[in-house]
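> Spelled out, the chains give:
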Amino acid sequence: MKLLKQLCEIHAPSGEEYRMTEFLLKYIKKEKKKWKTEPEIFYGEEFQDCIVLKFGKPRTAIFAHIDSIGFTVRYQNQLLPIGSPDAEIGTLLVGEDSMGPIECSLSFDNENHAFYNFGRQIDRGTSLTYKIDFRDSKSFIQTPYLDNRLGVYVALQVAETLKDGVIVFSCWEEHGGGSVPYLAKYIYENWKVKQALIADITWVSDGVEAGKGVAISMRDRNLPRRKFVNQLIEIARKRKQKFQLEVEGMGSSDGRELQVSPYPFDWCFVGAPQQNPHTPDEKVHKDDIKSMISLYEVLMKDL
Amino acid sequence: MKLLKQLCEIHAPSGEEYRMTEFLLKYIKKEKKKWKTEPEIFYGEEFQDCIVLKFGKPRTAIFAHIDSIGFTVRYQNQLLPIGSPDAEIGTLLVGEDSMGPIECSLSFDNENHAFYNFGRQIDRGTSLTYKIDFRDSKSFIQTPYLDNRLGVYVALQVAETLKDGVIVFSCWEEHGGGSVPYLAKYIYENWKVKQALIADITWVSDGVEAGKGVAISMRDRNLPRRKFVNQLIEIARKRKQKFQLEVEGMGSSDGRELQVSPYPFDWCFVGAPQQNPHTPDEKVHKDDIKSMISLYEVLMKDL
Amino acid sequence: MKLLKQLCEIHAPSGEEYRMTEFLLKYIKKEKKKWKTEPEIFYGEEFQDCIVLKFGKPRTAIFAHIDSIGFTVRYQNQLLPIGSPDAEIGTLLVGEDSMGPIECSLSFDNENHAFYNFGRQIDRGTSLTYKIDFRDSKSFIQTPYLDNRLGVYVALQVAETLKDGVIVFSCWEEHGGGSVPYLAKYIYENWKVKQALIADITWVSDGVEAGKGVAISMRDRNLPRRKFVNQLIEIARKRKQKFQLEVEGMGSSDGRELQVSPYPFDWCFVGAPQQNPHTPDEKVHKDDIKSMISLYEVLMKDL
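Chains as they are written, first to last, in this note's numbering: chain H, 1 to 303; chain P, 1 to 303; chain B, 1 to 303.
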């Protein structure tokens, strides 16, 4: 879990993913020699801060977003949300501006507007993220930003043995999107890939429990094509994978942007459930991490 | 009206349009020999569950969505809406799961959450639609799903005599869209078609009455380019068509996705008005169906 | 300021930009001979009512939207908003229908629905805009539609000395967009341009004052890529430009559509702040207009 901890500690809210990009490029360039198949790596200005890995002859792509929620410093101590953070008064936030490193605490006024408490003014536009407190117990990992550092981690585990497939590290997922449209265009136009799995983190709910396996989400706010979802479920059953079926009316993912892209993508959200989403206390059962990696390995083979 | 009744009876909520696709393909392949111009048929994996018909040298496309509203079964008897159904307690819903056919009734809890009453648990993710009660009276057709089986029906009537044009059967219109982007791309890039008529059903309103003719919608939540709308109105007047002008602030259609597509589409919603939209009692005046077919025939010639 | 007044007086709400298009084409064709670099002009059916000017070897595009907010006449004296107008009872609205020119006044019923007072019925679908009252004082310009006639004006001033760059006049910005997707596609696919500056008008706020210089908006509802925004700020500082930093949680612009386009655009909103946005009394400090022109000149050179 050392890698997962490292990923969580990188400051990379939506729009400022470049630190994560740098870490991943360094990691991938070093590790790929040990992987079963060495992928081609696509990145640079045409990809903004995204990375695409191409293994063999791909049929299916894994999308893992590398951005996180957080806050932007405004003026008069005000904070604006990046994505939809859910944190209490006193939560520790970290960042850096022209004066140096920052560790401040979150507060709210009577109208529930967020602001910061700190000994000095912070530069306008500075981004702040939750201070990492990585808790590794017998059964659970608890830390800010399992959403979606865990999706990135799973993708990197699957990369080790992947023969044919694409892994996409996308940006801005937590705040309006914007990278998936050109990433979808690239992988469809170059390799005709139009099957996608969204490696992201979902919620423990009335119907999905911690420790009962990765969730295959049959729908959220968006409706993936049922034929594709059924195909996934059939593979998971045939290959005796541990999994749960989620059926949600809310929430969205990189899948939404694939759905409305000008390419006929089929997609499905497949991810471990967590408690306390978007808080500094996101918590995932270790068995569900294993189950997520296992199901991705199987799906990338059989789809 | 036998064909319209058949179309209404097909279970095809957003995301599960494939039964309608199969019916239409069979119907078109059989009937097209009798049509004035035999169209080329485009379908298959690159089109998901959509169908495109190309007649002669097309200048204008008709878009008719083939999905309907409905519900998805969650857990603990909960139902999630597909699109925005508007139905009362006791409404009969039908579908099928691994245990067999389902006919259950709709209910609501105190917080207005939908659930089902049925003798057994229904599989997670099962979709349910209104039970069809097709009422054919002297002046009116009343049944669930005139929106948009009537649009599909009109397109199929127009197909019989169409010389030049495209007919597009699209998916997901009721729930966030997602097929129009690639359909627009296909017809623009291959045939330079950038004029579109949205064959869908609108509302009887303070300014639009049943029996007074098809509505040309000058705007809804979206604003089509006025120059194009004016051109339609001029043709309708010159050709002495019976029609009404609608001006709305709400509601949307496949036109929205054409508007924001990366192609310079002009579009206009042209459809019969109905009472009780999205309920099991949608009701359209027969004169307005005739008027809709007639106006489409004229527009496809003169545009 | 004669040109700015002329621009404000043109009736061109979203969806009906063609009068502005005609004015601009005439103006540009006449004036371009005096400009340092003569641009190529792209317009016509493939561009709907938009215009693209290409100067030299472009690296960066200026986007200035040419539409305005307003109202659409419905029936029974009702008005529907185009974009989000903010006006009081008694505001004078102008337009034209089949019976001739219109000058009517705005009213509201108890439920805050807009309607018009006029001696006769106005044709369905007629668009109305604020009557222009152009006020030119020592320090301020005050008039309806500084948003975005001032952005258009600035772009035309910058055009006079521009060597390399694109100027895009876009449509529908105030009401859902729809032209930026194909404009972005055009300039990226033909000239690989993927840097964009949004020449639009922002708000005077708690942190941005009138007369203190043009605002560089670090974010609004959308998050531009931070690396690009930082590059702009660095250039502005190095070149000793007068400017202010805005950090907002609301508001949007043509930048949103660039962000979600299937091209890897970097964008930033750079515009003068105004008081009373979307009212008939929009007001901008003259120093901020100068500062906006100056910063655009510098950015188009150095980016």
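Keep in mind the hints are simulated off the structure, nothing from the lab.
Treat the hints with care, as some may be off.
You can't tell identical chains apart in this list, so a pair holds if it fits in one copy or across any two.
Here are the computed lysine-lysine pairs in the DSS-like style, where the Cα-Cα straight-line distance is at most 30 Å [said to hold, decoys possible]: (1) LYS2 x LYS227; (2) LYS192 x LYS131; (3) LYS238 x LYS26; (4) LYS2 x LYS192; (5) LYS5 x LYS163.
Being a predicted model, the structure only gives us computed values, none of them experimental.
> Each hint: holds or not?
Outcome of the hint check:
no.	hint	result
1	LYS2 x LYS227	between (38 Å within a copy, 29 Å between copies)
2	LYS192 x LYS131	neither (41 Å within a copy, 40 Å between copies)
3	LYS238 x LYS26	neither (37 Å within a copy, 33 Å between copies)
4	LYS2 x LYS192	neither (36 Å within a copy, 41 Å between copies)
5	LYS5 x LYS163	within (27 Å within a copy, 50 Å between copies)
In this structure, the hints that do not hold are numbers 2, 3, 4, in rising order.
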